[in-house]
Each structure stands twice: as structure tokens, then as C-alpha cells.
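Protein chains in written order, with the working numbering: chain A, 9 to 369; chain B, 4 to 165; chain C, 49 to 151.
Relax, there's no trap hidden among the hints.
Quick list of simulated restraints, FRET-style, between CB atoms:
no.	chain 1	residue 1	chain 2	residue 2	range
1	B	K136	A	E265	39 to 49 angstroms
2	A	K347	C	K72	55 to 65 angstroms
3	A	V107	B	L13	53 to 63 angstroms
So these bits of chain A aren't anywhere near chain B, every CB distance computed over 12 angstroms:
no.	residue
4	S217
5	E246
6	G329
Honestly, the hints are just simulated from the structure, not real lab data.
In this text, a Cβ means the ideal position worked out from N, Cα and C, and glycines have one as well.
Okay, here's what each chain looks like letter by letter:
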Amino acid sequence: MKNKEAVIIGAGPAGLKAAKQLLEAGAHVTIIDRNKKLGGQLVKQTHKFFGSEKQYASFRGIDILEILVQGLKPFEDRLEILNETSVVGLYKDKVVACVKHDNFFKIKAKSIIMATGASEKHLPFENNDLPGIYAAGAVQTLMNEYGVKPGDKVLMVGSGNIGLIVSYQLLQAGVDVVALVEAAPQISGYLVHASKIKRLGVDILMQTSIKRAIGKDQVEQVEIWELDEVWQGIPGTERVLGVDTVCISVGLAPLTELLMQIGADVEYIRELGGNVPRIDFRYETSIKGVYACGDVVGIEEASSAMVEGAMAGIHAAHDLGYTVEDESRKLKVLQEELKFLRSGPHAAKVRAGYTKLEVKT
Amino acid sequence: MIEKDGVAPLEMVMKEFPDDKEVLINPKAIIECYKEIPCNPCETSCPFDAIHVGEDINARPKIDFDKCTGCGICVYNCPGLAISVRQLQGDKAILKIPYEFVPRPEKGSLVNVVNRNGDVITEGSVKRVQEGKNQKQTCLLHVEIHRDFIYDAITIEVPRGS
Amino acid sequence: MRIKNHPILSFDTEETIEFSYNGKKLRGVEGDTIASALHASGIKKLSESIHLKRPRGFYCAIGNCASCNMVVDGVPNVRTCITPLKPGMVVNNQVGKGKVYEE
Ligand SMILES: Cc1cc2nc3c(=O)[nH]c(=O)nc-3n(C[C@H](O)[C@H](O)[C@H](O)COP(=O)(O)OP(=O)(O)OC[C@H]3O[C@@H](n4cnc5c(N)ncnc54)[C@H](O)[C@@H]3O)c2cc1C
Ligand code: SF4
Ligand code: SF4
Ligand code: FES
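Isolated chain A (complex conformation) (with noise of 0.2 angstroms):
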């Protein structure tokens, strides 16, 4: 079993900001991902970017990912990359269990950071398991990454920034976007998003839901239906939509079944998306010399996702020894980018869940 010194798993942008804050501090970086291209959820961003300049706000996804992934080229004899491999277990004394094409070994490591990111959550519903139904993330990889149109015909379920987002990246790609559906009664996403759909002409429906998927061998129509204040369908307020694609984009849940098997405190926080880890203010886990970050300590944004893993990266380097210049002016700074990002309305659900969490942020 080789020994390394600080693995990172996930190469999202938080695992690629704190590879950037371990390696400017001196110390050695393995970058596991399952992915062949670096870059998380960036790799099929094709919009561009909310935030400020720190966060390289009015770039797109994939131009951002482009800058985070040049950030690490000075410092290439000190990193190790270990792409299209899988983390399939982790043990208390920081044994990394991996799997790269079939080949099974393990790494020791000093320190980890947990950088995994979240799963896309499903819905159900009559039928839901039917070709043509799939998560807004498969729709994106379909799209973005290779080139194929999911369908021609789409319904969107989930008025969230992503299915907002996607909604457009489907309209660029040539694909009609029949109707966006939301069980809530207000768009939960960014109304800018919303209207840049709108104007194009997607019907965006509040209080409605998918009742049922129709067809053999794939989605042929779609019903959907009202639903009244407690989200139970309306009967009588049914309707048949001709859909050869239904996108569900109901949500994110953080990907923390690796740091359970590690024995790290998780807890169940709604606003949080689901279980996360308990960390403390230096993004440290339970387990000392593991830290998390990214949307894998609760749903957030890429622009936060950077600035976490900035400070986690920071923290780690540290607590390996390793001096990092202006430590604390850096800490501060990052500090303050956070507190500005999550301050706004649209925050308001993640400030709730990192009080229950106690976290200082």
C-alpha cells in the first residue's frame, strides 16, 4: 500500500481550490475523481457564472474549470491525478480503498478531504422509471459533455436554478422545452434565470406536479396536474402533454456515505439537503485529519464550493506542517467572500442549516 501525503476525492471546484491552497503550501496532492475530466459539475456548465470577481464570476462553468485546473500546472511534480477512479471505501486510519478500470488497491493517507460533491434526488410517480426519464445531470452529461440530444420534446420538473439552467442549455442545444413544472407556489431559482426561459417561450407552471409517465418502451406523454396548498393533486385538473423527455431536477442530496463509513458525525439537516458532515469552523470533521467541503458539507454554489475549499485546503496544510504564507489575513479574506455569498435572500435556507449545524460561517 503506497502512502501519500494529502488526497483529495473530487475534483469539483472545491477539491480543486484546496489542491491549489496544499500545493502553494509545499506538501504533495493526489487528486482521486471518477470522472476522465477534471472539474465536477463544471465540466457541463456551459453558462456563465453568478458571483464577483473573486469567484470568476461572468465566465462560464467550463471556462472557470479551464482557470482552476492551469492554477495547479506550476506545481505538476508535486500532484498526482488519479482520474476515472473511484473511491469505494475509506477506513478510520485513512486507508482509501480505489477502483480504477476493474483494478482494485489502496492508498494510506495523512490527510483527507472530502470534496465528493451530491446525487441528484428522483421523484415519485406513475411510471417514473421509463426510458426518457432522467436526471437533469444525466441530461447535461448527454448534452454537454457528448453531444447527443436527450429527446426533442422536454418537461422540466423543478424550478431551481438548475432545472432553470438547464431548461436554456436545452433550448441552445435545439431541443424544445415544453413546459417547466413546480410544486411550490414561487419559482425557487433565480427569477433572471426564470425569465431568460420565459421570453423564449417555456410555459412555467407553479403548483404543479407530474401525475404519470405514459408509454411502452419510452415516455410518449406525460400527465401532469395541479396540486393544491399541502402538494396533493387536484383531480380534474389533469393534462396530457406530447413529451419524449422528462427531466427531474428536484434537488441535490451531499454524497456523505463515505464519510459514514468512516466513522465521521453526520447529521440529518433538511435545509442542508440531507445528511452532512459535522465540521467544525476549520472544515475539519469529527475524525481529525479529515476535512469536507464543497456542496458535500450542504447544497450551495460553486462560487462557495471554491471559497470552502480554499480554507479547508489551508487548514490541512497547516495542520501537516506546513507554513502558509499570510495564513491568517488569507483566512480572514476568504472569511468575509463567504459571508458576503451567503447573505443574500436566496441564501436564507443555507444560513438555517448551518446554525442547526453550529458551524460558524
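Since the structure of chain A is provided, determine the placement of chains B and C with the ligands on it from the hints.
Only chains B and C with the ligands this time, still in chain A's reference frame:
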């Protein structure tokens, strides 16, 4: 209602225009960013310091029409595609709008212009198709319409499911 | 159903990789996975569920859910959404735990 369908009602839109319509003899940026979100590229991209968000990046952007030259730089830097530049010229209005679809309309062609609801309201003529490396693949379309539609027009129709 | 023109991205659309699917000859592009190549040819049903024999397509596209499992070169339970397409591959629908599907 904007919270339910993303359509800003006209009263809301009008508040973002200069009080005195004469100001639009010169091109001015009209910002339609109605809700606080953590975002400020409009402020940081404007070379004339005409947009202010401030230290708290969740604040809504405010424009100073005296400083705005109508250059259009904020239009293609805004990730929300929430800004357009508008100008009155005789009985015409000229719009500079962000456009992220292919094929691009050709210069001189006639296009269907839509309102915030997605309904076609008038025809416009494409005066210029502005592309540039710093625009990061967001094209700036200069579209001429009748001045009556200066408040209602928002973008051009995109063929669905092509 | 390949995207030919895209405002932001550009894709290779030349279908040069030949493979077989349930005995039929199909083609995919360099960089395809098995599932993306099938989808580009309009094939969405990849398997049938174990008990109820319900049709299954892919769902997550990142190797998480197993709903895209197919029989590839005689090997069952291959996650086709993350398996790169190679020339000459023999791909078959899977029924249940790994029988080949017959039309
Ligand atoms: C459609 C869409 C639009 C978005 N738009 C914006 C936006 O405009 N602005 C913004 O700030 N944010 C946006 N986001 C959110 C942003 O993408 C995420 O918050 C961010 O990517 C989270 O970063 P992360 O590093 O925590 O996780 P991720 O980016 O999810 O990366 C996690 C990585 O971990 C890897 N991984 C997980 N488990 C394992 C394992 N067991 N073994 C190996 N590797 C593993 C995954 O393959 C992945 O690469 C958007 C998200 C989506 C889906
Ligand atoms: S149009 Fe030009 S001058 Fe006016 S606000 Fe935008 S960037 Fe500034
Ligand atoms: S850049 Fe656009 S979306 Fe962002 S704050 Fe400014 S106007 Fe709003
Ligand atoms: S679609 Fe989920 S594993 Fe392939």
C-alpha cells in the same frame, strides 16, 4: 406575477427606465434584475463606473444614467442576461440585446421581436451582429424596432426544437 | 439526434466507430460511451428490470445507478453510460440479471 412565471409586469419594468424619456436620445443600459442575488459583474465590467452594487454583492444594481454611455459591455457580461441597451431615434428604437443561439441572424434580416411573455409583438431589423473575444460567446444584437415597443420588447424569437 | 450546431460548444459528429447492437450495425463518434452512441441512434431502452421486466434506459449517466446495464462482448452488467465505445463491440440488451434480450 414575476415570482410565478418570471414575467416582470410593465409597471415594474418602467421603473428601471429613466424618468425623462428624452434621456434615451442617447443609448442607456436598462437593468432588469429584480431580486437580490449574489452577483456583481455588471458593476465590475462597466468601464464608466455607471453601475453600483456595492460591498454587499447581494444588493440590487443601480444605474447612473448620466455616466452610462450605452456601450453594451455590461450586457454581455451579465450572467442573468438581464441588461439591454435602449435608445430612441425618431420613430425608431434601437435595442442592444444579448444573444446566445445559433445560427446568428444576419445583418439586415427581419426578425420577430418578443415580449417578456414570449409572445411575438413586432418585427425588427438586425442592424449589427456584434461578436468579440471578450464577449465570451455572447453575441450582442443591435435590433431596430418601432419606438412604441421600447418598453415591451425584450429579445428576438428563437426557433423551437430546430 | 446529435447536436450539429451549438452556440458554445463544438462536437465531433463524424460517425466512424462501428459496433453492433442486438445484431444491427450502428456507428458512433470518437469519445462516445456505449449509451451515448445508442441514444444518438434513437435507442433509449437498454435493459429490462429483473422482476417486472420493465424497460430501462439510463438515468444518472455517471455510473451511479446501474439502470444502463447491458451485455457487452458477452459480459453482463456493463455500465454503458461510462464505458467508452470501441470499434467492433457487440452490445446487447440485458434482461434481468444478465440474459441477452431477444426481440
Ligand atoms: C445545472 C447547474 C448549474 C449550476 N450553476 C451554478 C452557477 O451559475 N453558479 C454557481 O456558483 N454554482 C452553480 N452550480 C452549482 C455548482 O456546480 C456546485 O455547487 C459545485 O460544483 C459544487 O462543487 P463541489 O466541488 O462541492 O462538487 P462537484 O462539482 O459535484 O464535484 C464533486 C466531484 O467528486 C467526484 N466524486 C464523488 N464521489 C466520488 C467517489 N466516490 N470517488 C471518486 N470521485 C468522486 C465527482 O465525480 C465530482 O467530480 C450549478 C449546478 C448545476 C447542476
Ligand atoms: S452600457 Fe456601458 S456604460 Fe452603460 S452601464 Fe453598461 S457598461 Fe456601463
Ligand atoms: S450582472 Fe446581471 S444578474 Fe448579476 S447583478 Fe448585475 S444585472 Fe443582476
Ligand atoms: S445511467 Fe446510472 S449507471 Fe449508467
